[in-house]
Each structure stands twice: as C-alpha cells, then as structure tokens.
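Visitor: Assemble the complex: chain D is given as a structure, and chain C must be docked to it using the hints.
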Amino acid sequence: MTGRATMLLCAAVLVAVAFAFGGGASGPSAHAQELTPELEERQLGIERQLLCPQCTNKRLDVCELAICIDMRQQIQEQLIQGRTNDEIIFFFSNRYGQRVLAEIPREGFNLVLFGWVGGSMLLVALGGGLFLWHLRRSGRAYRASLAASGQAPAGSAEDDAWLEAELSEEQR
Amino acid sequence: MNITATLGASALLTALASSLFATGAAIYGHRLGHAWAVMASRRAIIATGALMTLALLTLAYALLANDFSIAHVASVSSTNMEPWMKWASIYSGQPGSLLFWTWSMSLFMAAFAATTLRQMPWGAPHAIAAMGTVLAAFLIALVFFASPFRVSEVTPLDGQGLNPLLVDPGMLIHPPFLLAGLVSTAVPFVLGAAALMSGRLDSAWVRHARSWALASFLILSVGNFLGAWWAYTVLGWGGYWGWDPVENSAILPLFPITAFLHSAMVQERRGMLKGWNLALVLSAFALAVFGTFNVRSGLVASVHSFAESEVGPYFLVLLGIVAVVSVALLVWRMPLLRADHDFDSFASRETGLILNTYVLIALALVILGGTLFPVFSELIDGSRITVGPPFFNDATGPIWIAMLVLIAFGTVLPWRRAAPGTLTRRLRVPVLVTLATVAVLVGFGMRNVFAIATIAAAVLIIYVTGREYVIGARGARRATGRDWLSATTSLFERDRRRYGGYLVHLGVAVIAIAVIGSSVFQTQVRAVVSPGDTFEVGDYRISYGGLRVREPGVNGIEQEIVALVGVEHDGELRASLEPGQRFFTNFANQPVAMVAIDGNLLRDVYVFMQGFEGDQTAEIQAFINPLVQWLWIGGAIYTVGGLLAFAPARRPVTVRQPASPPPGAQRA
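First to last, the protein sequences are chains D and C. Residues 1 to 172 in the numbering used here are what the first sequence spells out, letter by letter. Residues 173 to 840 in the numbering used here are what the second sequence spells out, letter by letter.
Keep in mind the hints are simulated off the structure, nothing from the lab. Take these hints with a grain of salt, some might be off.
Claimed, not checked - Here are some, though not all, of the chain D residues that point toward chain C, as calculated from beta-carbon distances under 10 Å: (1) Ile89; (2) Phe91; (3) Arg95; (4) Gly108; (5) Ser120.
Unchecked claim - Just so you have them, the derived chain D footprint on chain C, three or more residues with Cβ under 8 Å: (6) 401–415; (7) 537–544; (8) 550–560.
Every residue gets a Cβ at the ideal spot worked out from N, C-alpha and C, and that includes glycine.
Same shape as in the complex, but just chain D (with noise of 0.2 Å):
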C-alpha cells in the first residue's frame, strides 16, 4: 500500500471513528479564534479551578467527556468577550451547581466542614495535650509511691541498661 492510500484510509478511519464516538466528544476545542497567550494561560485557570460535572473530581482541563470540551470552549468565548475570572467561574457555579466548584466555597453551610477541621485540630490538641498531662502526673505518683516503700520502678534495670546501651552518650 502507498503511502498516499494509507493516509487516505486513516483519514477515512478517523473520520468514521469520530462519528461513530459521537462526532466531535473526542475532538478537540474548537478554536475559532486564537487566544493570546495571557488568555491561554487565564482559561487553564479558570478549568483548573472547574471540575466535570458528570465525573467525581476530575478537573475541567484534564477532562475528554463532551460537555467538557463545550464548557472548555464556553470559557474561551467568554474570555474573549472580556469577562473576568470570577464572572466565568460564578457562570459555571450557577449552571451546574457548587458541586463544579474544585475549591469549596468558604461560606453558609461548607463553614461547617471548616469547623470540622477546626475541632479535630483542637480535640486533638486539647484532648491530646490533657493526656500527656495526665501521664507525667501519673508517672509522678508511681514513682513516689515506689520510692515511698523503697522498690526501684518496675524492670528498670534492665530496661535501662537496655536504653543506655542503645543510645549510649559515646556512640554519639
């Protein structure tokens, strides 16, 4: 086969694979107009910031489904209107819900989730804190009611000996 026939019957290949896979789900945006390179940048962006709607976490820019590739081109056309960054992502938010969102919103109900973390930090702190607390308080009394009937603590012989050898001053 020539090379001209091969390329003819890879064109018709693709062709035919693009309809059958829904003619265009797995095309590229379409780039009627050329952005600049700061626009470029400013849309990979803003999908970074915008996940697929009918995906779990998976971010706009990265995203093959159709109705990414339209949200993609969306951005585009949006961003050569002249738009900000906050009215494209606000745009989306409001289309498809806060679940597009890739960073939650700070506010109403998600402030929960950020009291959650709040919590955890200082139960652990707190509770982990009181803890240690509770134990030098502890190993204080063990070792003056040790002292107090003249017993050494518990296998500390050995065990020190055991510790001195392993972390002896010399080694160091």
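Guide: Chain C alone, transformed into the frame defined by chain D:
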C-alpha cells in the same frame, strides 16, 4: 442447572455455615471448657478459607470458560478478553470485589488461626468467635445481597467486558494489594477484640498484633503506591493523587495502623497506652469497613446511588455494629486499662511517638470529614458540592509538615528522659541543617512557604536518619573491624525493626520532596496542533507528526488513535512518544487516555492527547513533572524498610536474656 454457579454458591453458603459454626463452637468450648470444641472452631476458620478459595477458583473458571449465564461474568468480561486480563474481572464490579475482599480476609484469618492463634491460649476462643462473626457478616452480604454466582434469566451471546479504565496491566496488581491491605486490618482488630473480651490486657496481644499490623501497613501502603502509579500512568491528568473519595477510603485505615505501630513500642517498652492501642486497631478495621461501604455503596458520589444500592444499607448497619461493639468493649474494660504510667519527661522519645500518633489521627479525622462532608451537605443543606484537592491540600498540608518534623525529632530524642544538655547537643546540628536548607531554598528563589517547610523537614529527616546509620555503623566498625558497608548491613541484622523503621522514614522524606517537586513546580501546556506543528513546555519542544490508528482487537478495545509526538531538548530529539485515546466496543462514550511519559530522575515529560479531528488536528496536553520518579523510588525505599522491619526485634546482648520480664509485662 448451571453446575459452576451451583458449586460457587454452595461454597459460599458452606463457608457461611462454617464461619457461624466457628463462632458457636468457640463460645461453647470456652463456656463449658471443652478444648475439642475450641480446636474444631479453629479448624472451621481454616476450612472457611479453603471454601472461599474454592468459590474464587470457581468464579475464575466461569470467567475463563466465558459462562455468560452468570450475571457477574457477563457484566465484567467478554470473549475477546485475554485470559490474564480476566484476573482483573474477578474483583471488578460489586459482587466480584466483595468476593475478593472476603476471600482475602478468610485467608488472613486462616493464616492467623494456623500460626499465631496456637501461641495465645489466653484468647483463642475469643479471637475465633470474633473472626467467625466478621467472616459471617461479609458472607451474608455475599450470599444474600451481592452473589457473584447469580444466574441470569437470559444468557447473552457475549459479555459486556471490563470497565475501560480497568483494562491495564496495573489493574492486575493494584486492587489485590489494596483490598488485601484493607482486609488485613481485621487480624489486629480480632487480637484487640480478643484481648478485651478475655480481659488479658497486658502487652501479649500487642506483641502478636505488631507483626500483623506491620503486614497490614505494608500491603496497604504498597496498594496505595500502586494506585498512585496507576492513576499517574493511566488516568491522564498529570497527577497521581486526586483526593478522590475512593482514594481517601483506601488511605484512611493506614493512619491508625501506622499510629499503632509506633504507640505499640511505647506499650511494649513502658507499659503505657493500653487503651489507646486498642482504640487504634479497632478504629483501623472500622475505617476499612467504612472504605468498603463507601466504595461499594457509592455513598459519596451521590446519596441517591446509595439509596439504590443493595449492599449500601447493609454495610452501614455493619459499620455501626463494628463501631458500637468496639466502643462498648473499651468502656466495659476501662477499669482494667488503667495502668501505672512510668512516664518520666516530656523531653523523651515516648512523647515524640505519642505526638506522632496524634498527628496521624488528626490527618485521619480531617480526611474523613472532607470525604463525608458532601453526604451531609446533600442530606442537610440539600446542596451537592465537591470537596476537592484544594481543600485537602490546604487542610492537611500543615499536618503533614508537623508529621515530618515529629518523625525527625522523635528519632533524635532518647527514651525515658533527655537531660537538657543532651537535648541541646542532639538538636543543635539538626536545627542548623534545617535553617541552612531554608536559606538555600530561599536563596535559589523559592518563595512558596509550604514547599520550603516540607523540603526543609524532609531534609531534616534524611539528616537525622542518616546520622543514626552512621553512628550505628561506626560503633559496629569499632567493635568488629568491619568495613563501612558490612557494618551498615550488620545494623539490620542487629535490630531490623529499628533500622527498617528508619528506612521507612527515609522513604517518607523522599516521597515528601517528590510530592512538592511534582505538584508545586508542575508546568502544564495545552496546544491544538496540526502535523508538523511544535509547541514548548518548559525547556522542551514538543513536535507533532500526525495520527496513527491501531486495532489491538483484544480486551474489548476497538481502536487506539495515537499521536506521533517528539520530545526535543536543546535541538535534540530526546524521545518519541505515542500518547492517544483508546476506544472500546461496548463502552462507546468512555474513551480512555493513553499516557506517554519520557522520564528521568529530574523530571517527567508527561503527554496525553485530549482530542483529535478527522483532519489530523490533535489537542495535546504536556506536563513537566519535576522529581516525580522519586515518588516511586521513595515508595520502594519505604517498602524495603517495612519488609526489613518485619523480622522480630533483636536486642543487644546485655538484655537478650533479661533476669526479669520487661517492665511493661511486669506491671500489666
């Protein structure tokens, strides 16, 4: 009658009976003091493992024989699938993954019954009863709600085939590791439950649980590494961790298990943290069940899909039972958990280890909250939202850094008590190394505070861990006159647990640097190109030569459209890549990206084709991912360290034969 389906279903039903018998016989034997009944119950656990293996092999046979009268076989395989790829069909789909889950769990439990259980007469009946109950709970789901051997009323001529995303060699190893890692948390859980039920709450159960928890930690970690590698090389988004609910479910049990491995040391050596250790193993298994419930019910994706799921509500009840029983056992035994705390000082390794477990639990709480929040938002507020990577990065970032810093300082601090002079001496150089790292990074123009802090903490770990090896090897050289290499090797012979653990810490540090390099300093460029066009990404020029069509004709793949791409640097062709898209016969609307990578130790040039037109125009995305290969190297170091730590701890000669039991055992 379908003999294969009948055999498989019978094996499952017999396994259920066997597990219930194990529970009943263990309780009967313990109550009435019949040793034969306890022995029979132990054998019943082993028999359950054998029966589950029979069920799995039966399903494998049905897949190989293309028995599409079985609904699961028809939904996850097809005639043109290669036999090796059908291994992935076993655990894809709900019934298959549940079968694999329960089979893995039954094998872990059978291995536990055949080995460790013989060494723990104090709690054998309790452990067997716990194992039988857990196995029965999962087998009920398999037999009554999601049987992989359900026969369809109409037999299709061919099967649907495997989900396109799963048609990848990575799928042959990643899910088995992950599922096995999740179920392996059942053994430490069973040991903890046995300790609580029997009232034997000294360090005996901890010594047995440590090896099993380490196995669980290793398998689950490898499963997550393989998952990250699969996501990176298959999913085509330039990253490896997306904070997806499924990913989060897989990593969550790792936090309490890792925390247990550290706090178990404190209980073994100092007799403290009895209740805390029990809570950690119980919560690890509860999180593993949560993961299964979350993944299998589709809860986080949508509350509606959960409502439609057959096993979702069942697993929710099961999760509730695990949680309630765990808390009830802990509360019941609380009086026995009080111990004399031989705790000397805050400036000690004990404090470092305890603080590190706090940090790990804080990570688990934040990730669990973020994973579940969309459910609460939809249920309470009525709004469907996504908790995506920005939230998890912001919320967990500082905690990860705290963990890295604590790893380093925990290594430096001595056990029991550090004298002020010792503390200053040991911390002086590490602090200077940290400050020097920060100065160098800032000097090189780095301004991202998070990146600077992470890299500085990672360098700190590498320094203090390296110093531990050097000090140990120097001591061994002095004592034996060996060369440096064999002196270093001898450290692992002397105390594998300690030096293996340090290697895991080194792996974590390397991973941290790789994560910062590949995420914070990632470059992304997208271009629509025609044959002959070029575009630049970072210092590289990407040239596009046109499209090519391939027709593999196997595994349900109809066609692969690949772009011919060249990667040039300084005018030289460095690599020829073929990123593309793969189309499947039975999944017309689910093309899968074919990622192409030109990688070295400094960076990956990561290319995928996002779209194409019949006129050979293609939309190409290219990423420069710095240092990403160090993620896999760090993962390998971590894994090797974990494997080395597997061996029993060997103490120095001075205490190898102690005159009296260790302190923790005496006080128990």
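Visitor: Now look at each hint and say whether the structure bears it out.
Guide: We went through each hint and held it up to the structure:
With its C-beta approaching chain C no nearer than about 13 Å, Ile89/D sits outside the 10 Å limit, and its interface hint is violated. For Phe91/D, the interface hint is violated, since its Cβ never comes within 10 Å of a Cβ in chain C; the closest pair sits about 17 Å apart. This hint is violated: Arg95/D has a C-beta 13 Å from the nearest C-beta of chain C, more than the 10 Å allowed. A hinted interface residue such as Gly108/D counts as satisfied when its beta carbon comes closer than 10 Å to some beta carbon of chain C; here the least separation is about 7 Å, so the hint holds.
The interface hint given for Ser120/D holds, since its Cβ lies 4 Å from the closest Cβ of chain C, which is under the 10 Å cut-off. Coverage of the stretch 401–415 of chain C by chain D holds. Counting CB-CB distances below 8 Å, 5 residues qualify, and the rule asks for three or more. Remark: the stretch 537–544 of chain C is confirmed as covered by chain D, as 4 of its residues place a Cβ nearer than 8 Å to a Cβ of that chain, reaching the required three. Figure legend: the stretch 550–560 of chain C, annotated as covered by chain D; annotation consistent (8 residues with Cβ-Cβ distances under 8 Å, at least 3 required).
Violated hints for the displayed structure, listed by number in ascending order: 1, 2, 3.
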